[in-house]
Amino acid sequence: MLQRPALPFSRQMHVSFNLAADLDTVLKSTAAAAGLEDAAAFAPEVRTADPRHGDFQANGVLGYAKARKLNPRATAEKLVAALPDSVREAYDFTIAGPGFINFTLKPTALFAWLRAHDSAAHLRAGAAAAHANQTWVVDYSSPNTAKQMHVGHLRSAVIGEAICRLLEFTGAKVVRDNHLGDWGTQFGKLIYGYKRWADPAALATDAIEELERLYKLGHNATPDGSPALDEARAELVKLQNGDPENVALWQKFSDVSLAAFQQIYDRLGIKFDHNLGESFYNDKVERVYRELTELEIAETSEGALVVFHPEHPRFKTQPFLMRKADGASNYASTDLATALHRVEQFKADGIVVVTDFRQGDHFEQLFLTVKKWFAAKSYRLPELHHVTFGAVTGEDGKALKTRSGDVIKLKDLLNEAEDRAFAIVAEKNPDLPEAGRRDIARAVGLGAVQYADLSQNRSSNYVFSWDKMLALDGNTAPYLLYAVARIHSIFRKLGLDPAGDCHPLDDKPIPTPPREKPDVCHLMDDKHPGARMAFEAGATAFETAAELALARKLAKFPDAIRLAGDTLRPHFLCLYLYELAGEFSAFYTADKVAVDDSGIRARRLMLCARTLLILETGLHLLGLRTLTRM
RNA sequence: GCGACGGUAGCUCAGCCGGAUAGAGCAACGGUUUUCUAAACCGUCGGUCGCGAGUUCGAGUCUCGCCCGUCGCGCCA
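With the numbering used here applied, the first sequence corresponds to residues 1 to 630, in that order.
Rather than coming from a laboratory, the hints here were simulated on the basis of the structure. The reader is advised that the hints may include incorrect statements.
[What the hints assert, rightly or not] Here are the simulated SDA-like cross-link-like pairs (lysine to any residue), alpha carbons at most 25 Å apart as the crow flies:
# : residue 1 : residue 2
1 : 371       : 309
2 : 468       : 408
3 : 284       : 376
4 : 316       : 266
5 : 238       : 331
6 : 468       : 426
7 : 69        : 111
Just so you know, these numbers come straight off a predicted model, no measurement behind them.
Full structure from sequences and hints, please.
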């Protein structure tokens, strides 16, 4: 997997991105060099360590030695004795306890890592090995058309977008696909209501609001068993049979819905590549029925076409119902067609579907079915991931509702976030002009909502609390944004540009990182790339506890990215960024940056620049906008 | 009934392939500002990791049983 020589640090100024991964590789080959028996089976298990013990620790010796009835400490000593110079140059190491090997980066190696990873492009180039040359389709948000997005749509959108960005950062080509709920029986009632009571003025001002009103009217006018319900069903049949008038209405519903959704998406930094809703797969389900029937994966049961999985304890009797007894398709059939389309049209290596946990059974059955189907047909089988998340509840533990008990519209929720943030900004920073405060409030308010959703393990329910998400203490967006703003402030005061790279995720191609940097630094000048870090020239070695703690935390960024990307759990990145911001705040308090000693000042500016780079890169990966002041 | 997810400090949550003395924030109490944004920092207090067994050098983490909560389980998505 690693094509580069696995040296954590070498004289060629080549520095690995993920130090832990490279250390693991080196230790594995060291085991062979040290003559350990069965060395090929030795797994070093290098991971980031509690800072009290060092930067990284290798725990693998214990399990390895125990399985072979060896003395773990003696084995560890043998291994350590054979460590190559590359490791000796870069790390101090000790054997501790029963046989842990602790590695602490030497300040020179730490310095070299920070020197090398000085731009978003370099960070991305380092991270891109994980999903290089892969295409991933991410299916998220996926609201129903002709309805408002409400608070229940927040998590899928926010988590999905963060996952897209993580996958892109780790090298994947990402296809963002909004699998809209744009087909179904509700359109019969909506058309019924629309044809009788549509208000053109209301449609012009807030179309979605009006469509919701018309659906309710249509629904209330067509109780079970009524002749009106038959009429509504007739409208649905006409739509399904391609009646031009109803198709045009349906198209209008979709168009105005998408326009309304985009207003939300714009605020959350989301832009879909495709909006292939259920309707798109109408003419593609026949093939699914045919192939699954021919393959005898599907069978008829009680008039419906279903799939059972005999090898599965539950799904051998719990059917996957893919065509209703009346012949109509349902979401199982369209989801099967969707999987096929993503593989055939997008050449997906991975598919990620982001929905709440209640759909767990459905996707488990879907994926089991897809695996059998694709295997039988020799279709390429992508990685299939159902990314689930828990419910959003109020502080009483119940579903989030307005005071009057209605569903909270997402639009209103985002507005309230901005308003609340504005009130805080106005209080904390009254000197700022109105426009500046508004802009800060937008970033802080929306960021707070996004970050609150992302910072918690997505598997559990999450308690929505304005006060907690907008707090300046703790693992919150304002705390992180404040750290970013303080760093900008330092550079602003000194008249310096922290890197000219304040928006690290702008659409730049992933470049091959330049490997040489000029030793001679020039005055800051945008026309001389590579010279913009002039303020770092003459930086001396890190000395203070706060400098070292911050520097060491910075070098753990690759591990956070790897963990979040591998598990599709953005909260690992959040936690890292929070800890990094904490280290920075401690450093900021303990060590003044703008000191007279040029060497000290240069190295502290370098720490500031790297902290800013990684905080901003990380926050942008989460979908947040960062600020230069707040 | 079967299954998924959750149960860790008073509250809200982290805790990666089993690893070292289980960590944060809030709340409570105490301290820090002629210095780059105090929207900050430092400290103190706070634990039967739901309960009980088991596996092992080592369990919050794995296995089994039980309790509690949320949710899912045939024609909604």
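Against the structure, the hints come out as follows:
Taking the CA atoms of residue 371 and residue 309, the gap is about 12 Å. The hint holds against a cut of 25 Å. Only pairs whose Cα atoms come within 25 Å are accepted, and residue 468 paired with residue 408 is accepted, the gap being roughly 19 Å. For the suggested pair residue 284 and residue 376, the alpha carbons sit about 19 Å apart, so the restraint of at most 25 Å is met. The hinted pair formed by residue 316 and residue 266 fails the criterion: a straight-line CA distance of about 44 Å is larger than 25 Å.
For the given pair, residue 238 sits about 21 Å from residue 331 by alpha-carbon distance, which is consistent with the 25 Å threshold. At most 25 Å may separate the alpha-carbon atoms for a hinted pair to count; residue 468 and residue 426 meet this at roughly 19 Å. The hinted pair formed by residue 69 and residue 111 fails the criterion: a straight-line CA distance of about 41 Å is larger than 25 Å.
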